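Protein chains in written order, with numbering that gives the first Met the number 0: chain A, 0 to 278; chain B, 0 to 278; chain C, 0 to 278; chain D, 0 to 278.
Because the hints were derived from the structure by calculation, they are not lab data.
Note that the structure is predicted; figures quoted are calculated from it, not measured.
The beta carbon of each residue, even a glycine, is placed where N, CA and C say it ideally should be.
Don't take each hint at face value.
[To be verified] Restricting the straight-line Cα-Cα distance to at most 25 Å, the calculated cross-link-like pairs of lysine-lysine (DSS-like) are:
(1) A/K223 with B/K223
(2) A/K155 with D/K254
(3) C/K5 with C/K24
(4) D/K5 with D/K155
[As the list claims (entries may be wrong)] Computed list of chain C residues with no C-beta within reach of chain A, every gap over 10 Å:
(5) K24
(6) I26
(7) H54
(8) L64
(9) R94
(10) P101
(11) I110
(12) I119
(13) I151
(14) D185
(15) S224
(16) G227
[Stated by the list, open to error] Computed footprint of chain B on chain C, listed as stretches where at least three residues anywhere in the stretch have a Cβ under 8 Å from a Cβ of chain B:
(17) 199-213
(18) 228-237
Number of protein chains: 4
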Amino acid sequence: MYHKTKEKVHGLLHPEIVGNKNWDKVINVFIIVLIILNVIAVMMETVPGFHDEPHEKKFFRYFDLVSVIIFTVEYVLRVWSSNHELKYRHSIKGRLKYMVSPGALIDLIAILPFYLHAIIGLDLRILRILRLMRFFRLFRLTAYMKSTHVIINVFKTRKNELLLSLILVIFLIILSSSAIYFAEHDHPVNQYKFTSIPATIWWSVVTLTTTGYGDMYPMTTFGKSMAGVIMLTGVAFFALPAGIITAGFLEEFRKNKKHPNTKCPHCGKIIDLDDSHDH
Amino acid sequence: MYHKTKEKVHGLLHPEIVGNKNWDKVINVFIIVLIILNVIAVMMETVPGFHDEPHEKKFFRYFDLVSVIIFTVEYVLRVWSSNHELKYRHSIKGRLKYMVSPGALIDLIAILPFYLHAIIGLDLRILRILRLMRFFRLFRLTAYMKSTHVIINVFKTRKNELLLSLILVIFLIILSSSAIYFAEHDHPVNQYKFTSIPATIWWSVVTLTTTGYGDMYPMTTFGKSMAGVIMLTGVAFFALPAGIITAGFLEEFRKNKKHPNTKCPHCGKIIDLDDSHDH
Amino acid sequence: MYHKTKEKVHGLLHPEIVGNKNWDKVINVFIIVLIILNVIAVMMETVPGFHDEPHEKKFFRYFDLVSVIIFTVEYVLRVWSSNHELKYRHSIKGRLKYMVSPGALIDLIAILPFYLHAIIGLDLRILRILRLMRFFRLFRLTAYMKSTHVIINVFKTRKNELLLSLILVIFLIILSSSAIYFAEHDHPVNQYKFTSIPATIWWSVVTLTTTGYGDMYPMTTFGKSMAGVIMLTGVAFFALPAGIITAGFLEEFRKNKKHPNTKCPHCGKIIDLDDSHDH
Amino acid sequence: MYHKTKEKVHGLLHPEIVGNKNWDKVINVFIIVLIILNVIAVMMETVPGFHDEPHEKKFFRYFDLVSVIIFTVEYVLRVWSSNHELKYRHSIKGRLKYMVSPGALIDLIAILPFYLHAIIGLDLRILRILRLMRFFRLFRLTAYMKSTHVIINVFKTRKNELLLSLILVIFLIILSSSAIYFAEHDHPVNQYKFTSIPATIWWSVVTLTTTGYGDMYPMTTFGKSMAGVIMLTGVAFFALPAGIITAGFLEEFRKNKKHPNTKCPHCGKIIDLDDSHDH
Numbered sequence: 000m001y002h003k004t005k006e007k008v009h010g011l012l013h014p015e016i017v018g019n020k021n022w023d024k025v026i027n028v029f030i031i032v033l034i035i036l037n038v039i040a041v042m043m044e045t046v047p048g049f050h051d052e053p054h055e056k057k058f059f060r061y062f063d064l065v066s067v068i069i070f071t072v073e074y075v076l077r078v079w080s081s082n083h084e085l086k087y088r089h090s091i092k093g094r095l096k097y098m099v100s101p102g103a104l105i106d107l108i109a110i111l112p113f114y115l116h117a118i119i120g121l122d123l124r125i126l127r128i129l130r131l132m133r134f135f136r137l138f139r140l141t142a143y144m145k146s147t148h149v150i151i152n153v154f155k156t157r158k159n160e161l162l163l164s165l166i167l168v169i170f171l172i173i174l175s176s177s178a179i180y181f182a183e184h185d186h187p188v189n190q191y192k193f194t195s196i197p198a199t200i201w202w203s204v205v206t207l208t209t210t211g212y213g214d215m216y217p218m219t220t221f222g223k224s225m226a227g228v229i230m231l232t233g234v235a236f237f238a239l240p241a242g243i244i245t246a247g248f249l250e251e252f253r254k255n256k257k258h259p260n261t262k263c264p265h266c267g268k269i270i271d272l273d274d275s276h277d278h
Numbered sequence: 000m001y002h003k004t005k006e007k008v009h010g011l012l013h014p015e016i017v018g019n020k021n022w023d024k025v026i027n028v029f030i031i032v033l034i035i036l037n038v039i040a041v042m043m044e045t046v047p048g049f050h051d052e053p054h055e056k057k058f059f060r061y062f063d064l065v066s067v068i069i070f071t072v073e074y075v076l077r078v079w080s081s082n083h084e085l086k087y088r089h090s091i092k093g094r095l096k097y098m099v100s101p102g103a104l105i106d107l108i109a110i111l112p113f114y115l116h117a118i119i120g121l122d123l124r125i126l127r128i129l130r131l132m133r134f135f136r137l138f139r140l141t142a143y144m145k146s147t148h149v150i151i152n153v154f155k156t157r158k159n160e161l162l163l164s165l166i167l168v169i170f171l172i173i174l175s176s177s178a179i180y181f182a183e184h185d186h187p188v189n190q191y192k193f194t195s196i197p198a199t200i201w202w203s204v205v206t207l208t209t210t211g212y213g214d215m216y217p218m219t220t221f222g223k224s225m226a227g228v229i230m231l232t233g234v235a236f237f238a239l240p241a242g243i244i245t246a247g248f249l250e251e252f253r254k255n256k257k258h259p260n261t262k263c264p265h266c267g268k269i270i271d272l273d274d275s276h277d278h
Numbered sequence: 000m001y002h003k004t005k006e007k008v009h010g011l012l013h014p015e016i017v018g019n020k021n022w023d024k025v026i027n028v029f030i031i032v033l034i035i036l037n038v039i040a041v042m043m044e045t046v047p048g049f050h051d052e053p054h055e056k057k058f059f060r061y062f063d064l065v066s067v068i069i070f071t072v073e074y075v076l077r078v079w080s081s082n083h084e085l086k087y088r089h090s091i092k093g094r095l096k097y098m099v100s101p102g103a104l105i106d107l108i109a110i111l112p113f114y115l116h117a118i119i120g121l122d123l124r125i126l127r128i129l130r131l132m133r134f135f136r137l138f139r140l141t142a143y144m145k146s147t148h149v150i151i152n153v154f155k156t157r158k159n160e161l162l163l164s165l166i167l168v169i170f171l172i173i174l175s176s177s178a179i180y181f182a183e184h185d186h187p188v189n190q191y192k193f194t195s196i197p198a199t200i201w202w203s204v205v206t207l208t209t210t211g212y213g214d215m216y217p218m219t220t221f222g223k224s225m226a227g228v229i230m231l232t233g234v235a236f237f238a239l240p241a242g243i244i245t246a247g248f249l250e251e252f253r254k255n256k257k258h259p260n261t262k263c264p265h266c267g268k269i270i271d272l273d274d275s276h277d278h
Numbered sequence: 000m001y002h003k004t005k006e007k008v009h010g011l012l013h014p015e016i017v018g019n020k021n022w023d024k025v026i027n028v029f030i031i032v033l034i035i036l037n038v039i040a041v042m043m044e045t046v047p048g049f050h051d052e053p054h055e056k057k058f059f060r061y062f063d064l065v066s067v068i069i070f071t072v073e074y075v076l077r078v079w080s081s082n083h084e085l086k087y088r089h090s091i092k093g094r095l096k097y098m099v100s101p102g103a104l105i106d107l108i109a110i111l112p113f114y115l116h117a118i119i120g121l122d123l124r125i126l127r128i129l130r131l132m133r134f135f136r137l138f139r140l141t142a143y144m145k146s147t148h149v150i151i152n153v154f155k156t157r158k159n160e161l162l163l164s165l166i167l168v169i170f171l172i173i174l175s176s177s178a179i180y181f182a183e184h185d186h187p188v189n190q191y192k193f194t195s196i197p198a199t200i201w202w203s204v205v206t207l208t209t210t211g212y213g214d215m216y217p218m219t220t221f222g223k224s225m226a227g228v229i230m231l232t233g234v235a236f237f238a239l240p241a242g243i244i245t246a247g248f249l250e251e252f253r254k255n256k257k258h259p260n261t262k263c264p265h266c267g268k269i270i271d272l273d274d275s276h277d278h
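Construct the entire structure; sequences and hints are all you get.
Shown next, in the form of structure tokens:
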């Protein structure tokens, strides 16, 4: 009965595997809503004047406390029922292995700030915003699983080309920072802005991403000429990752037309084909 | 003869189905021109000094009145002749069903501001700009029907991936707002701008879309470092929807080469294939 | 001999048809260089202090005069030899037909400002910059002909979808201008900037293209919220034409692999396949 | 034994050909780390206050000296062992031919500033930043070779179309600069900014790349109208290179699925297929 309970709890916490749609969905929707409210609460607590009244401060404290209790109970249940899966079969090693998996770490980070503050007094409560990361659980629901895998696979398959374009971008940033620093650091006005190559890197990133705040810009003719070339080149370089990502998506869309989602004939649970293939 | 008249009126108002090119086109061009003039009138009424003279004010009032009368007559005729189509056959239920369809609602919103103002005195006349929405009628003409369907289908087919990238974008906005708020809210100058996380969200959106007005930007070294990473990441994240949309278009262009537009063999009217298939 | 001379002159002026590489290339390179120098001269004449000395002013005057003489002689020769081609066979009607073709009109606009100024005294000499348009002649050389056709065909084939996305963009501009005008025109500071819907259109275009000068931006919370949504939507809408153009290029690249450039077996001249097909 | 030593040294310096993974990798990682430290040192030397203390100045001097010695030794070894390859077999001509190849020139530029300063006293030490170019050596390692070739081939295959879009972009810049100069140079405020067409070119590039610093922008209604059209057109024109690059990537990804990397059956070294084909 212990195992049946564990299997049941595991099923409740992982509806995407069991394929159940009633009670599980309710629990997950409840947890999702709680996460969203938590994130909004953290954002609102930073607004000056929003919770100055003592009863308002109390409300936020209690809301946080209740949320942490619910999340902690959920976390404990997850760790306990984790070794129902084959990957984590061993009762101690398996559970530790589960605790260092990305999903479990995110769940832990979500409740840790409260305990660190309550027990040690370390105020990193802004890390509560990381509860937002628990949203990724949504992505495991069947409806979104295919789409998430599409996006993740695009990055996996093309990671070499993407890394290369990132390195090219870093090159461009360093070279253009040096060039514009060299041109502007003697200018009567700009010498106080373009004070060093690292300082000019801020200008490079702001300009190459075409954000262009206007807090720093070249004022010498030589600097403007070089900046013009840098801006035009930057547009091409930044088209590289976009092109790689887009071409990658097309490949994925083609692949997916041939391997639709299937159910295991033995136990009826949904098999994620990408897990069972070599990659 | 009642039915023949209804059929004729319906044909006049829906030339894309009958495939007629003379009288119907005239009526539609006239209505389109009237819509454009209306929209320009609403825009011009906001320009100070443009219609201060009493005779100018009168002109605008009369123009608006005449337009509303024409649109009202057209609306009534559309509702009356709507049950010629199979979808809306029932004389009351069918017509009510037509009245809540998107096209009919837009037509109603177009004339409502005038009546609300005239009868109840509620001045939402800026909503007259929504007459612009009636422009979508243009898109139903045969020439543009295929193109409209291409664009709509791209969004329909890829809606899961697009929704996912939207959620990822919202994540990025919330996480970067929190990070930069944390970095800048103690800075002597920036504390008056980066006053809370919601306030910083404005900076995030302006920066991640690379608009970069320059009203707010990080001034601490830590803030600038994080902002640099955020900007470079943002460019990649914003390449996701672009890539999905582009790859989607390619699929649509391929599909369309195989299924050209067809006419119904029985009544000769043009069949919209996407309506008759499962989707 | 008249016809032989005409054929020879025509061949000199249209090397892309004859496929000749020696004398023709020299003439064309000379004309191209002259155009570039002309354009640079027009740009430099606007720089204050650049040509204040009388001998400098004389130099520019003479350079312009010589250029106009050369271009006029070239224009006359082109019109005279134009009826060597089948399209323009008739001696008067054919030549008039040639004179209204885009290429000939550009050549005329290039020399007209000088004559208008010399004869009538109308100073539209800045139109001399349009001599730059004569650069399109370069594109007719064999090496670039395929590439030019690729780019032109992308726009030709997809013109319906591109027109639609343009209309959608105009919609977005009008709707967002109205919304932000409504939100900002009562703000103590912004009422002097967002003075009317047409004035707000400037903000819309600057923001939707993500240029973001920073001369105008929303300051009310309601305005900022709507602007945030507008900016995120704008990024998607502006991805439409990019997607259509990119997908269009892929189709063109595929097509071109099957129809390489061919020479006419009878006269040895290069046939432009797109001209001989229906389009 | 001389040849064996040369072959061994050549193998050490070119691990991507021999396919060795132990000692060679160590040497290359060491050189790469030294390059990165050098680049960081050059950037940090520009930060005011960073190395004012005499012992700090000494540290940077010695670090630079040691680096130059190591790079010089490496350079001499490379030139000496270069004629092991068939391309550079001749002992003098072959080595000179190697010395003018891009890789060797970059290596020379990396050490030249030091010698120019030490021997002649010419201070171009900022050129030390060009040591960063030596990073391209990383790209020759097998893992990244395929990806580098993918990116290079995209630009090689599509160079005509890319050159054309560059020319179109230059056109757009010159035409828009002339138009906006014409509109703004009489404006009371803007006459001091839009002083000439070359001055307006700065505005054009900043605006067409959508960077938009906000240091210059049209203030006349006519100027704003034209600028709006220019901005919308610019977005389309800048989509051209992005589209060409993306479509190019797709072609490359397809090609690569058919021609995997192969080893020479005779000597076991890795053959770069693109070098052995006509292009």
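Going through the hints against the structure:
| no. | hint | verdict |
| --- | --- | --- |
| 1 | A/K223 with B/K223 | holds, 23 Å |
| 2 | A/K155 with D/K254 | holds, 20 Å |
| 3 | C/K5 with C/K24 | holds, 18 Å |
| 4 | D/K5 with D/K155 | violated, 34 Å |
| 5 | K24 | holds, 29 Å |
| 6 | I26 | holds, 32 Å |
| 7 | H54 | holds, 25 Å |
| 8 | L64 | holds, 31 Å |
| 9 | R94 | holds, 42 Å |
| 10 | P101 | holds, 28 Å |
| 11 | I110 | holds, 31 Å |
| 12 | I119 | holds, 38 Å |
| 13 | I151 | holds, 21 Å |
| 14 | D185 | holds, 23 Å |
| 15 | S224 | holds, 14 Å |
| 16 | G227 | holds, 15 Å |
| 17 | 199-213 | holds (count 6) |
| 18 | 228-237 | holds (count 5) |
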